[in-house]
Amino acid sequence: MVETFQQTFGAPLWLAVVLASGLKVTLILVGGSLGMMFLTWYERRAIAYMQDRRGPNRVGPQGSLQPIAEAIKTMTKEDTTPLEADRVVHFLAPVVMLAATVLTFAIIPWGNLFPSDLSVGVLFFVAIGGLHTLGMLMAGWGSNNKFALLGGMRGVAQMVSYEIPQVMAVIPIVLMTGTMSMQRIVESQSGFGGLGWNVFTPVGFFAFALFFVASLAEGERTPFDIPEADSEIVAGYMTEYTGMKFAVFYLANYMTNLAICFITASIFLGGGNGPGVNELGGFLGGFLSLIYFFIKALFLFFIMVLIRATVPRLRVDQLMGFAWKFLLPLVLVNILSSALWVAIIRWDQQAQIFTQWFGAPGTADAPNFVRLGVAVAVTIMINLGALVMVMGLNNRASQARMHTTDEELALGL
Amino acid sequence: MLKTEELRINIGPQHPSTHGVFRMLVTVDGETLVDLKPVFGYLHRNHEQLGEVNSYLQNMPFTDRLDYFNSMINNHAYARSVEMLAGIEVPERAQYIRVIMDELSRILNHATALGFMLGDMGAWQTALLWGLREREKILDLFEYVSGARMMCNYARFGGVARDIDDYFITETRKLMDGLPHYFDDFEGLLTNSEIMLARARNIGVLPKELALSYSVTGPVLRASGVPYDIRRAEPYAVYDRFDFDIPVGTVGDVYDRFLVRIAEMRQAYRILEQAFQQLPEAGGGHINPKVKQQSLKPPIGEAYARVESPKGELGFYLVSDGTGNAYRYKVRAPSFINLTALADMCKGYKLADAMVILGSIDIVMGEVDR
Amino acid sequence: MTLANRQGTGAVVPVERNDQRFRAGQGTAAGLSIVFRKFRKALFGKPNSDRSDTEGQFNVQYPEERLSLPEAYRNMPILLFDDATGHELCTSCFQCERVCPPQVIHITQAKDPATGKPVPSAAEFIIEYDTCMSCGYCAEVCPFDAIKMDHDYELSTSNHPELDVNYNRLLRPVSYYETIAPTLWNDVRESAMKKLQNNIKRRPGAIGVDHGQKVGAKAAPAAVARPADPAGAGASAVVPAAKRAPVAAIGKTMSEEKLAKLQSIRADNQAKRGGAGAPVDSAHAVEAAVGVQPDTAQVAAPDAATPGSVAPGATGPVAAVGTSMSEEKRAKLEAIRAAKRAQGGE
Amino acid sequence: MNYIVVVIFLILSAITLVSGVMVVTVKNIIHSALWLIASFIGVAALYLLMEAEFLAVVQILVYAGAVSILVLFAIMLTRHVTGEGTRMLYERWWVALVVALVLFGAVITPTIWQQGANWDAAATAAQASITATGEGSPAGTAVASTINIGESFMREYLLPFEIASVLLLMALIGAIAIAFEERTGRRRVLTLAEEYALKQRGIVEPRDAEGAVVPSIEAEQAL
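Chains as they are written, first to last, in my numbering: chain A, 11 to 423; chain B, 2 to 371; chain C, 1158 to 1503; chain D, 3 to 225.
Excised from the complex, chain A in its bound form (with noise of 0.2 Å):
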């Protein structure tokens, strides 16, 4: 991009390198939205249809226009500040939310078009992430009042407590791809004609699930919507804000969904890698690959959807439990067989004994097929091993906890 700039119009270096990165920022933001406002509309069609009902049909075609309805209808509203509310932090909550979910942008691929290549890719996104916590605390405490407060906390212990399994949960798709930066994740899921994507392996899917379950309650979905949870504290931090802030905390809320799902696609299934794509390398390849990264964005928001429209919210402490006493020991374990998967399939020297029993490690597109079937054997041994007992404790202790002994009441345990 910077070059193209330097040829074409002959400009110095750091004005080519001011227009690209200008050019890729509004590109990202105008993408963002556009991609939040078909989000909104997609999810209440699907929810409508499995509400056997049909959804916004009214304005414009199918009712694309309506999301714009809705933001002119925002934007009119009248902005209004509570009355002994902290207004300088009751003005900057939305503002930072939205920064935090923007910048998570800047390294997310779209398809095979990378805005800016960090080495440490993965980790900027869920450590940016994390100061979308920030703007849920600052909201909850700029709106002086009860239920925002209660809701905020109960945002903020939930994203703290959900960011440590979401970051683990990549620790096993770095060890196996040997690098942080997305780009190479991405061109390493490119094997097998485009379908060697990191979910086909045991340890690919457990990290694949267990990090869509995290990211599920970093982006407040059901079953972790607490933080706005309408039924009890009325919209969680949400309550104070009307008119167009409103606007920008829902903007950042579908805009970490849709980060979300972006990276999900591009870390586990591959995103803008599928078959035949560089097989048209070029401009069609990327168009191509392009496509197959929409189509599996919107799959996994589907799934999203699926979930919102069936499971019911989890309380606060239940969504704790399930993050420290389920998500967390699962997600060691899954480092665990990563790390094991990485030594069966490729170490030689260090351990010649792998070598003896199962033949040197095979290349990319030559693989030891004997190291792979035990590589897979062990690592699913391990992880359903891990599972299972995990269920069978948390099981346990909540039969347990149900048949409290009275003498235990007694003493006010």
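Check the hints yourself; a few may be wrong.
Below, a sample of chain C positions facing chain A; criterion: calculated Cβ distance under 10 Å [what the hints assert, rightly or not]:
| # | residue |
| --- | --- |
| 1 | 1176 |
| 2 | 1182 |
| 3 | 1191 |
| 4 | 1192 |
| 5 | 1206 |
| 6 | 1251 |
By construction, these hints were calculated from the structure, which means they are not laboratory data.
Each residue gets a CB set at the ideal place from its N, CA and C atoms; glycine is no exception.
Mind docking chains B, C and D on chain A? Use the hints.
Just chains B, C and D now, with coordinates in the frame of chain A:
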């Protein structure tokens, strides 16, 4: 040591998950609920005083507005108490028609009540909208036979306003073909879902003896293990001719109430089937011509007739002084009495559970405030 | 075993909670599969028409598609008049006024101008559409099947006084009612028409006919086949506001409020015809204006009948019922008792 | 090219310094916490400017993400403890200023003294390589990338890494112990069913929140 401070929250009259205008003054210590004070009366419309000013017949349309989900059952209960007061005989076919309408109303009530409860739990109204679809079909049938969807005003003293014809019977048969399919979908959706179990099991437990002492009735009582159903304990209309089971819970928590209501919908379906088989031929005089409706002057005396409404025991107590309108007219509303048990049931659980417990009791403010 | 003493059986069935089952996500997966099946059926399946469908979209796009209303559907009451003779069926027997729970029907009996004796026809018939609860009692108790429940539900209007619907706007031809509720009308047609015939005999002059339209001047066909016009003029298609005939001598059952209203009409007519109107019946001293005269609704005797169109707010006598209904009711009762005592006294 | 770098560097360091100063001078304690977060992010941006991406991201993840939220939580939950709105600056602020400058000097002089020699050399090398390859980092010197940091953790600095992790573990367990002890201290609110079960077995008269004996239902009816 840091002293934790209790927070008083006002889950106010206009709140997304209180069913109608109902306020709960909640004291919360962290997330656990220490104390809950229900405040209601926002929907008081002076119903019982109206009953004394209006004549007996004029009061019938106002009973639709009590539990606006089951106007058919309210009318039936009121008509029964006036018939008991005035000693009016109800022809056989009219009793069958009344039972059919009651059971249809029970299905639509349980379908929507469970839908609202799951909505409070966070299941985004999918179950509710499936329930509303069935309710729409049943309301169309009510509209065909009585003239209005929700405010049916259908029962008359000694019979019903209009007889049902073949079109109504074939349409109800078609509806009943779809019902089992709907029951299976509804039950399959969330009954075994882990998160629903986590949110419903052992929440809002009401032991059997306490349920009796709070004089709670209906599905909440049966979920606590007391098999008391007026249709079986004191059979009215032609209920003694149908075989149907009484679903009973064991623990008495929110999950049991959920299961009892689904089982009751299936039993209502069974009753409907048998009612249509045993329905006597028309021509039995659905309206008892001998009774002059609007100038009815029952003899001096009192009567208390009760009916098993989907929410509990709905009773109408009438005292007549021989004139055209009642001397005293009292409605025993099941939601009102079930609601008194809410405050103690929610103590000790989390704030989010209080909403689910309120949803599991299934109250309608029209009936509570009268 | 006759049905009468057949004893129903039924057990007490504890609901099974299957607590012991090993739960590892199967329940949630089952729920997700059901919702996905519904999604597929709703997206690709046909919208369901049959009542036994439990899948596929079930909602109706209201303004474009409309559900057909059942015959017994009841919204607001309307009065019927016979197409052929133009006579309305109502004989102002006050049955409906008595039975109406919210007491929203107000009828004044017509008087024979020559003899002053009551005539089986209504001079003035007002229903307050905003308080009426459409319970259908008036239609049930009417011995002459004069008042029936309409099927028109698009009655929203911004002009509140317009909701006190007076005689002209209540009348509908029998043919209209026949279209919306054929079987209901067939059951009662013979008896209604027979009663109408002997009522017409007892109506001198043009009493039973002139309310709202002339004989033969067909009222604007009040939507024989209901046009699915989404625009739907605010008030339903209305009988043209024909010129109101000078009302005969003031009826005995006149309450002060009615008295004042008729006085105002009478004064207005005189002004129109330059004072050559019927002599004011001085039998009842007209109290001071009862203050019923709200400044807004100006009392304009409608000029030439503008067929079909509704002159909002200008038609018919002022019927703004400012006072709350119960005082007005009590006032009427006192008037009746006073009139009886006065009659007894003479 | 390096004018841009210098300009950006000045802007970023200005932001960091200003927010640092604001932290101590702003009245509202929540605002000062927010300014603290702003300074953390400023530092992260400086790291990014120096191409130390991993450090920048970790800085955001650890400081801006976790520590700041802990600080905010602590402030919010114990709002009444600290005085609010009183100006923190005392009359003898110049003493504090002097101490600050002395400490700053103690930190900066060794780096200038040791690295001073190759300071300008590195600058010229950086300038030369930028014009040549258009790449930010000078071709010659290797920039510490994530891989290097990872390997050094496992090789040279294994011992300090292990000690640090044990230290964190102790802190973790300590926090849990305090929380648990505080939770058991608090009287658990008994639900209706539990209270009833206790009375049924007559184990002990259940007390409600204030500790007053809860009259049994029979007693109430007797009243």
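Worksheet item: Against which earlier hints does the structure fall short, listed by number upward?
Response: Hints 5, 6 not satisfied by this model.
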